[in-house]
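> Could you build all of it, start to finish, from the sequences and the hints given here?
Using this note's numbering, count along the sequence shown one by one with no gaps and you end on 164.
Calculated from the structure, these hints are not laboratory results.
C-beta atoms are modelled at their ideal positions from N, C-alpha and C, and glycine is treated no differently.
A hint or two may mislead.
[To be verified] Listed next, with one range per pair, are the computed distances between beta-carbon atoms:
# : residue 1 : residue 2 : range
1 : L164      : S40       : 25 to 31 Å
2 : L164      : E16       : 21 to 27 Å
3 : G58       : G123      : 27 to 33 Å
4 : A152      : G21       : 27 to 33 Å
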Amino acid sequence: MANILRRGEPTTTSGELPPVGSPAPAFDVASTGDVRLTPSTWTGTRVVLNIFPNIETGVCQTSVRTFNERASSLSDTVVVCLSNDELETLAGFCAAEGLDNVVVASAKGTSFGDDYGLTILDGPLADRLARAIVVISADGTVSHTELVPEIAQEPDYEAALSAL
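Next up, the structure:
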């Protein structure tokens, strides 16, 4: 289990992020158009997983906007913005904002949060995903992870993009 803060108060996640250099854990999450996304969806492509608790909060929205802006200049890379929000809510936010350089996905009802050690176990955000970044290289190995220590803090975009 990992410990993070929510507005200065300790909270716990279901496990630990996969170690750098290890194969990315399998996942199966929902995306728009009744598409299921798995690591094999992007075989041979680098993947940035921008994971967050709730698209209806400012920091989560900022992370999606920032990665959308930065993704436009990345080659052979896909940025997946992922939470336990309803897929319609995620897609609606991106459509309203004109964000089309990222892919949105919902992990709701899947084992993604536990497989990546990111399900929040306690407090008002229980069953949401902790804020984290996972970069998966083209060969399917984890090349960078960040579990943001304070949930109200933005991730380190530069560190994630440098790992590419």
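> If you check each hint against the structure, which ones fail?
When the structure is compared with the hints, numbers 1, 3 turn out to be violated.
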